[in-house]
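J.: Could you fit the two chains together into a complex? Lean on the hints.
Letter by letter, the chains look like this.
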Amino acid sequence: MATLNDFTVKEKPQWCPGCGDFAINLAIKNALAQSGVEPQNAVIVSGIGCSGKMPHHVRAYGFESLHGRVIPPASGIRLANQELTVIGVGGDGDGYGIGMGHFIHVMRRNYDMTYIVHDNQVYGLTTGQTAPTTQKGMKTKSTPYGNLEEPVHPIPLALTMGATYVARGFAGDIAHLTSIILGGIKHKGFALIDILQPCVTFNKLNTYEYWKQRCYKLEENGHDSTNHEKALEKANEDWKTNYDKIPIGLFFKEDKPTYESELPQLKVPLVKHDLKPVGLEEAMDEFI
Amino acid sequence: MEFTWMIGAEAGAGSMVTGRTLAKVFARGGYHVIGYPEYPSLIRGGHNTYQIRLSDKKIHSPVKKNDVVVSLNRNGIIFNRDSINKGGVLIYDSELDVADVKMPEGVNVFPVPLKQIVEQNGLDPRMANTITVGISLGLIDYPMDDFFKLLEKEFSRKSKEIVDLNIKAAKAGYDYVKKNFKGHFPIKFKPMKNNGKKIVIGGNEAFALGSVSGGVKMFAAYPMTPASSVLHYLAEKERDFNIVVKQTEDEIAAVEYAIGAAYAGVRAGTSTSGGGFSLMVESLGLSALSETPVVVFLAQRPGPSTCMPTWTEQGDLRFALHASQGEFLRVILAPGTVDEEFYLGAEAYNIAEKYQIPVIVMSDKFLSESHFSAERFEPGKVKIERGEIASKLKELKPMERFERYKLTRSGISPRVFPGTPNGMHVATSYEHREDSFSSENFEMRANMVDKRARKQKLLEKEIPLPKIYGKKDAPISIICWGSQMLPAVDALPMLEAKGIHANVIHFSYIYPLPKKIRAMLKSAKNTLMIENNSTAQFTGMLKEYLSFKPNVVALKYDGKQFFPEEVTKVVEGAKANNFKKKVVRVVDEGEYEYYNPAAYSEVR
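Chain order of the listed sequences is U and L. Going letter by letter, the first sequence gives residues 53 to 340 in my numbering. Going letter by letter, the second sequence gives residues 3 to 606 in my numbering.
Chain L with its partners taken away, still in its complex shape (with noise of 0.2 angstroms):
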């Protein structure tokens, strides 16, 4: 059982918060759910879009086609009418002027008085959303009870009045449905009894609560999307989480909170996407060579410079990895779901505090601001470890320092906080003798560097190796680093109706790539890389760490990420022409544009 249903409308009129409640219902009643937003820059006017894909089998990523689409304004049936399955229906204002718009064919096309429905009922011309959703569980004759709920739980809070009114919306628009609706639409589903308890959430917010499960105390970031809502969120939570959260000047103040934190011994991390990263790139180094731990989380979005800010890529990979001057170890995480956004989230902290290194960890707009559905995390689940930390320690001569940074065979020297008696020491930017005074012996400088450098042997350990979705010896296999693994992964059973076997390998753990991880890469079959970038980046990463050059690479660097129907077109294709060809270009269809002019008259 599946169903995909889309919300359209101007920014501004609620759609989206309508959408990501709709899709709450579903995920109470039992569904596998995925909200997916799109919208452009700006606050009121263009086209924002919000899409709900349901399944009673697990998925993961949104598809190129609706079931029902609703609209709102105009732009709404141009930009969507051709996303619409035959037999689908395209609900919309009848208010709107439409007469030169072509209306799609092989589709049920219902106008809404909406306008007439508000005033008949009493409500406020807000509420237009509220309808389109009775309208559209009217519909599928889905029961409405979890939806009234959940309008009193979103707006009990402003009054009970308002809560009332919704509620009769609502009703207001399954009962017009019923009545007026002529045409034939054949999906109905009832909530399944089985489930209940999942959760809606989005990547930011998955790695929001995964930050504070690892125990992280203070959080500082400077507002950009598409990370701000991991900001919004902790701010909103800091009390109930007894956590600081601070919004800074900038981005450098932002990280160098985090850093100044973290040497006074809590956890503590940064958000923010590419441009708001730029500016945190010398304070990397910092980190890594005072050994201080940090956390940054970076939600990509397409570059360079201010470019699509609402869309998504993953092109800031080798950005990230090498970012900063002069040579030192880092850890790149990458979550392909909310799951590993809240338990690889929570595990950046340890990796950072037991490294004492900057650990980034990698989203993209695509994950950070889609919903998914998913089983309650488990914050027991989660193991705090904090690294070497020294507490009690031999007294000092005076005069003396502490030896912060003393030269031991695993590279890591343990860690004293200020308040620490016979700890003083400095923290530093400048390279360094092992009692942390600056130094510029050559001898001490190449040992420092080859102290820090040795942590990684430690750290490979504990890298594990990419996980594989499908059948292990499948003939194909579709590799793909942090979001991507989403669309990868639906595709699969796309393919296998195709009669075509493939799996996913999927890496979350991005740099350092250990070695051991050569032999799972060789043994697979067929290979097709999915990377939202235009130069393939991962792809260059795992030739040049691992010797490993897959057939084929497909990028997408249009703005959005891969849909399932592309993965499943580009590995036909590749098979078609047994993975001879190299390079594939994907690009999105569609008559989309932020600004539209032509969209406003059609025929005039």
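The following block holds chain U by itself, in its conformation from the complex (with noise of 0.2 angstroms):
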């Protein structure tokens, strides 16, 4: 089986010192350790900012897609190959705000793919812009008087769109992230996993303390993951305390058929067809 090391690269990740994202790298390859899946089975596929550099930083097969194009060709890998552990990975800016219809396409189809997006509530690599999480208020370099928007809202989205697997980490909390992040490689259906996530250089507001402050495990609170109606109310519940209540962890799961399943042609995956058509002439008698 697997290990860490199976899934590590000799390059070392150019992000910001104590930047989130080298907490999600490790928490991904923890999980893939752990799940069992050989590298070269797992494909990682990114749009692009900063979270866009996964791939070359994880040891298994990799898409680098444009910005907000995470889930279009991750889903054509899964039609393709359903054998394949498919990982998502993105930004908030490249998620819900340029690959927002993306997003809310994908979980009407539940897919078996995971669907991790940096959520550091703001543009990084772009060097500090607004984002689609950005809190009402905050100063960003597009919005210096203030950002006018309400933020979106990903986890009542998800549930709200048919998600069937609904889960918040913090990159604060590498153990914590792992196990959701392997509940959702293991979840057979679309598991979206929204990680709080600072930005050390561009979010003054969003940082480590802000969260650990706030921050609380819903499995260590008796929340029942299977019921939709109280995964909403814990779903909406930062917004509504303004943020100073914020769970984490898995909010809502459900087994329901994916979308490869329902098709009668993925009996054996796409890439193990012989690729002699079938049904031609047939096709072509009905045309004289």
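Worth flagging that the hints you see were computed from the coordinates, not collected in a lab. There's no promise every hint is true.
Computed spacing ranges between beta-carbons, pair by pair [stated by the list, open to error]:
hint: 1; chain 1: L; residue 1: Asp242; chain 2: U; residue 2: Thr212; range: 30 to 38 angstroms
hint: 2; chain 1: U; residue 1: Met213; chain 2: L; residue 2: Pro113; range: 52 to 60 angstroms
hint: 3; chain 1: L; residue 1: Gln327; chain 2: U; residue 2: Thr212; range: 31 to 39 angstroms
hint: 4; chain 1: U; residue 1: Asp337; chain 2: L; residue 2: Ser96; range: 36 to 44 angstroms
hint: 5; chain 1: L; residue 1: Asn449; chain 2: U; residue 2: Asn57; range: 26 to 34 angstroms
hint: 6; chain 1: U; residue 1: Gln66; chain 2: L; residue 2: Arg320; range: 18 to 26 angstroms
hint: 7; chain 1: U; residue 1: Met213; chain 2: L; residue 2: Arg320; range: 48 to 56 angstroms
hint: 8; chain 1: L; residue 1: Ser412; chain 2: U; residue 2: Lys256; range: 50 to 58 angstroms
Covered stretches of chain L (chain U as the covering partner; in silico rule of three or more C-beta atoms under 8 angstroms from a C-beta of chain U) [unchecked claim]:
hint: 9; region: 65-71
hint: 10; region: 239-248
Result set (DSS-like, lysine-lysine): computed pairs, CA atoms no more than 25 angstroms apart in a straight line [to be verified]:
hint: 11; chain 1: L; residue 1: Lys408; chain 2: U; residue 2: Lys64
hint: 12; chain 1: L; residue 1: Lys396; chain 2: U; residue 2: Lys62
hint: 13; chain 1: L; residue 1: Lys582; chain 2: L; residue 2: Lys524
hint: 14; chain 1: L; residue 1: Lys383; chain 2: U; residue 2: Lys324
We treat Cβ as the ideally placed atom computed from N, Cα and C, and that holds for glycine.
T.: The structure is reproduced here in structure tokens:
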């Protein structure tokens, strides 16, 4: 069975010292090792942004796509070969901004994949503009007088769009993060893992200290993750308490058929199909 | 022997389906058939037409004139009356209020009480189409057995009763014309003995079948006229073909599904029109830089923006050629016939995989949605060539990656698919080293640019010369690309009848344009380019890449393709002018308007 070392590459990531991305990188590799997946059977798909560098720092197959386009190639990969473990990795701008359309629709489909969102409430790689999850009032480079928009709330959004595994992690707690990513990998269906992750360079509000003071674990508070209504209640707790109480952990999980399992064409993965076409002669008869 | 028939009706009246069925009847009879639909962008109302042109000789294009026009609405008479040949027939519904409509002269005007025929025979009013087919077949003395067989094929899924009623409707029409047509219409013909195996197929369907023959396994698309029928057809057949077809949330997703699937190791494609292609632009660059093959089918319509969604143009060529930031190799193909849609469509997947590049297959509304009789395609003739794929790899050292982007002499580095041991790497949109890790080293960057560009050399060897239709040494050459070879080739006999000898040089491989083509173009004597756009885009490409300039350029950009009669006229004019006039503008005549209040009252 593959170990953490098997998922490790030579190159050290060039994130800012103290960036939450290091923790996420380690948690992904830990979770992969614990899941029993071999490096050649895992594909890390990313967009562009600080998070977009992730595929280069996990020794598996990788696909570094365009900004906002994590979900579509990840979906194509799943449809082509459902034997692969597909993990999408993006940022909040990538997934909840430019890529929001894909995010909404992928949850309706329940492909078996894990989608990890580095949610640091700011645009990092483009040097500190407002993000879809930036809190109202926060000053950024593109909102110097304070952000006027309400933030996107990814967890309730995912719950109402039909995601079948919805969790939130915190980059300051690697062991906990590893366990929810592992849960996402093992889950047969679409797993959203939103990760509260301090941007040490551009976000002076949502720091490690900020999250540590406010986050508490659902697992330790008797939350029933099979109860959709309770999950929704918990999902809205952060903004309803003006970010005094922020639950992390698994909000909701349910077993539902995956999109792939409902396609008779995928009895055998497409990559293993014989390329010799079938049904063409019969199809041509219909044009006579 | 030639015959041209047209049916016109409001959208939603079913005349398009009826027209296509009749086209099949004649193809079964051994004739060469063209089925040509025109319609505005609405679901009910407006005015749709479907023209059938048939001949005992090979034909390629619709023509402007009709022998018989069937009209189920007022507009059908007003818009099409001038298209009827002298001695032809105008059949229309006598229930229509046409007291104020000027009828064509020198034509048999034949009103038919469709409502009465429906009532007397206990039919459904929707069967008016079928009655008019019966009338038309009666008019030309053509036996109805093939029509009955097709009605059965079409409606047996619904019920035997509907089949029987339709047959009854056809017979009632046939009998009506036999009893009541008192005019003179000399065109009569029977099925020819020799054939009956031809298919009647549209450009989009032919491309779809070509894709399947070419081994496509995943096809993702978002609906957009005139490309949608690729999606419809493949979606309907996905289980029969054992492929996965996905309608995505937008065109960005569609092309990226295809790129993702291709990375994972299957042949994948997408289809769209100009608007959707605009959304795919950034992803073309992703395909190029990550060296992941993808096939994009681009069925053009007039632009920019929404423009005239159900009409045709060749206005997206320069866009396709330059789409996406940066510089990279791509291939543009433009089939001219349904055969080329099939065989070249299949070949597109070979080129994409062998060279690991985006391939754009350009069609247009005219070729995509018109129907053409053709010899049955032969999937056995399609050879699948996947290019270099590594499967058994040497063991990687710990922390090491596979050298996916190895700097090879040919520029082609073997691909490896996820799941393959020791092949771990990143397919990346970032510039990279040979082992795929991001790199901003200047020499590496330059080397990678050169590596990717080097593939063109090998690729150019594979690109055939343009096809010549007609005599090689003709004194006049009509040059064209994509669908416009259809009217051009059909202009040749028309020109011949006027004593003008010409040939057609047709490009279906549009880019790259290897230098070897130059000699062929230079040897042409008098040259005339026809393009379905306003800025002579391909003419410009020939000048840029082959230093070639045609004598005359004829441009049409009114929403319709060239007709053979127009090509004939342009060539005649150019010849009379000693090929001196540089640019000729061609516009359709006719009273058609999408919304035409005048058509509702000519006198009032």
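J.: Each hint: holds or not?
T.: We went through each hint and held it up to the structure:
Our hint of 30 to 38 angstroms for aspartate 242(L) and threonine 212(U) holds, since their Cβ atoms are close to 37 angstroms apart. With their beta carbons about 58 angstroms apart, methionine 213(U) and proline 113(L) fall inside the hinted range of 52 to 60 angstroms. Checked against the hint of 31 to 39 angstroms, the C-beta distance between glutamine 327(L) and threonine 212(U) comes to roughly 37 angstroms, which is consistent with it. Between aspartate 337(U) and serine 96(L) the beta carbons are some 39 angstroms apart, a value that agrees with the proposed interval 36 to 44 angstroms.
Our hint of 26 to 34 angstroms for asparagine 449(L) and asparagine 57(U) holds, since their Cβ atoms are close to 31 angstroms apart. At about 40 angstroms, the beta-carbon gap between glutamine 66(U) and arginine 320(L) misses the expected band of 18 to 26 angstroms. Checked against the hint of 48 to 56 angstroms, the C-beta distance between methionine 213(U) and arginine 320(L) comes to roughly 40 angstroms, which is inconsistent with it. Take serine 412(L) and lysine 256(U): their Cβ atoms lie about 52 angstroms apart, and the range 50 to 58 angstroms holds.
Residues of the region 65-71 of chain L with a Cβ under 8 angstroms from some Cβ of chain U number 0, which does not satisfy the need for three, so the listed coverage is violated. Check on the region 239-248 of chain L: 9 of its residues sit with their Cβ under 8 angstroms from a Cβ of chain U, so the three-residue criterion for coverage holds. In summary, the hint linking lysine 408(L) to lysine 64(U) is supported, as the alpha carbons are separated by about 23 angstroms, within the 25 angstroms threshold. Of the supplied pair hints, the one linking lysine 396(L) and lysine 62(U) holds, its CA atoms being roughly 19 angstroms apart against a limit of 25 angstroms.
Distance restraint check for lysine 582(L) and lysine 524(L): the Cα-Cα separation of roughly 18 angstroms lies within the 25 angstroms cut-off, and the hinted pair is therefore satisfied. As the CA atoms of lysine 383(L) and lysine 324(U) are separated by approximately 23 angstroms, the hinted pair is consistent with the 25 angstroms bound.
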